[in-house]
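Given these sequences and hints, build the entire structure.
Sequence lines, in order, name chains A and B. Residues in the first sequence are numbered consecutively from 1, following the numbering used here. Residues in the second sequence are numbered consecutively from 1, following the numbering used here.
Among chain A residues calculated to face chain B with C-beta under 7 Å, some are:
no., residue
1, A204
2, D207
3, S218
If you're looking for bench data, these hints aren't it; they were derived computationally from the structure. For every residue, glycine included, the Cβ atom is placed at its ideal position computed from N, Cα and C.
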Amino acid sequence: MPDQVLYAIEVTLNGLMTGVMYSLVALGFVLIFKASGVFNYAQGVLALFAALTLVGLQNGQVPFAHVINATFGTNLSTFGWHLPALLAILLTAGIMVILAIIIERLVLKHLVSQAPIILFMATIGLAYFLEGLGDVMWGADIKKLDVGLPQGISDTIERVTDGWFGYGFFIDNLDIVATVVAVLLVAALTIFSQYSKQGRALRAVADDHQAALSVGISLRFIWVLVWSIAGFVALVAGIMWGTKSGVQFSLSLIALKALPVLMLGGFTSIPGAIIGGLIIGVGEKLFEFIMSSPDLAGAWFGFTIGATENWFAYVLALLFLVFRPQGLFGEKIIERV
Amino acid sequence: MELRNITLRFGGVVAIKDISFDIRDGEIRAIIGPNGAGKSSMLNVISGFYIPTEGEVYFKKIKRGPMKPYEVARLGIARTFQNIALFDGMSVLDNIMTGRLTMMKSGLLSQAFWYGAAAREEFAHREKVERIIDFLEIQNIRKTPVGRLPYGLKKRVELARALAAEPKLLLLDEPMAGMNVEEKEDMSRFILDLNDEFSTTICLIEHDMGVVMDLSDRVVVMDYGRKIGDGTPDEVRNNQDVIDAYLGVAHD
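This is the structure in structure tokens:
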């Protein structure tokens, strides 16, 4: 095979892997949107907060150390322990559930039957609050997250593809793990929402609050459940992104990349979030590859452009908004007059 | 079921004013009255969607404190809505299955780890639901998403969902509104059969006088939030206040 084609295949594979990471974030949005009709602006920050807490717990960091030190003149920084990764993950998951309960108590409970825009505004407030809280609790420095996931280039794949094509593909082990985790997560969520009693209740709440109440579903319980699940998905996304690029506050910005994914896939579809993520991942990598290569774009158009990855997703989303606003898999909303 | 001296106010507006009546086990009780008389509000008080400003609600001889609608539903009071509240995205079958949520016992973890038990439970509930589907003659639309159904069938699915909860008291808010004669006859037949065969206690609101008088054992008549008549259809028909409310009074 010619080199260009092999490059393109490698780029596509890498795009798929990146796409999975986008999908993980988008999933959290879809879950909450489906269950409560709220676009949760705080989803990205939720992932950041989960990752910060995980690192903090793992390294035995004292929460609010800066505040305590400044107030009492102490010099605390760590408890001096190092928790096993699995224990730290379980504890963080527990904290995300507690956070869901607090959010329901303090915010959502008071906004029942308000317009969606009000709830959206509330989640913006929540995002800033959580970002600040994460900062005060765990400090603003960039942290390394290592929960024992394999990292680096996969030797096996490089060797095998080298044997086949005489050209070894570079694929990150972590991306492979992320893909497996995403598949498991989506399978679990699908089984949960289609076949469990709570899943059915969740879909019922998403459809009609009044009717849900009339068949004996507690809205508050469902909301706590949904936000817990979203918190859990955020934790998974936080682990993956944190391992990939370190736990830093720009992590909350990955939520922005989830927006075009959602516009492509539709806000109400879990498969949509996955496929949207993959399309964006592959699309932006391939587009970048083609447009920046002197042999391709250079030869075809007479010019090359770089750094298209930054805007490709948004332009694609914009086109979708014009021609298919409900996304690929979203529900077309028709209001009868 | 008994309601004593119920008053419901929204700010300065009095929707229900000092109304008392009871619903006996196994009877069909109708609430009628002109538009805006407070009938739906009354039904909302019984089903817990509104909490009365004053007065007491007794269910099974026990006084009921202020309760959330979902708690009331778990007590065994099921209802339908005037303007249909179904889960449009789900199939007819799933919609009816939600009616059984109050009766499902297995928790989240047991469902995840003891697949057998959860599957058995699901199966048992499916059987009950199938019986209701047969009873209401909606076998052929079992898998159809509810959003695609015509109005009359939606009403029937909503009734099926309420029945799935095996309610001790069934509240129907205008079950026949907007139906043609044939559909009304079907619905009347279902209501009577329910009452006969399963001795379900039913409380319904309806505008069609002919239907109300044929179906119900006893009727409450409301006007401007007050009760102006209560008794068997014949008694109510001959009550002067009721005649005035419906036909109007000549001012002279």
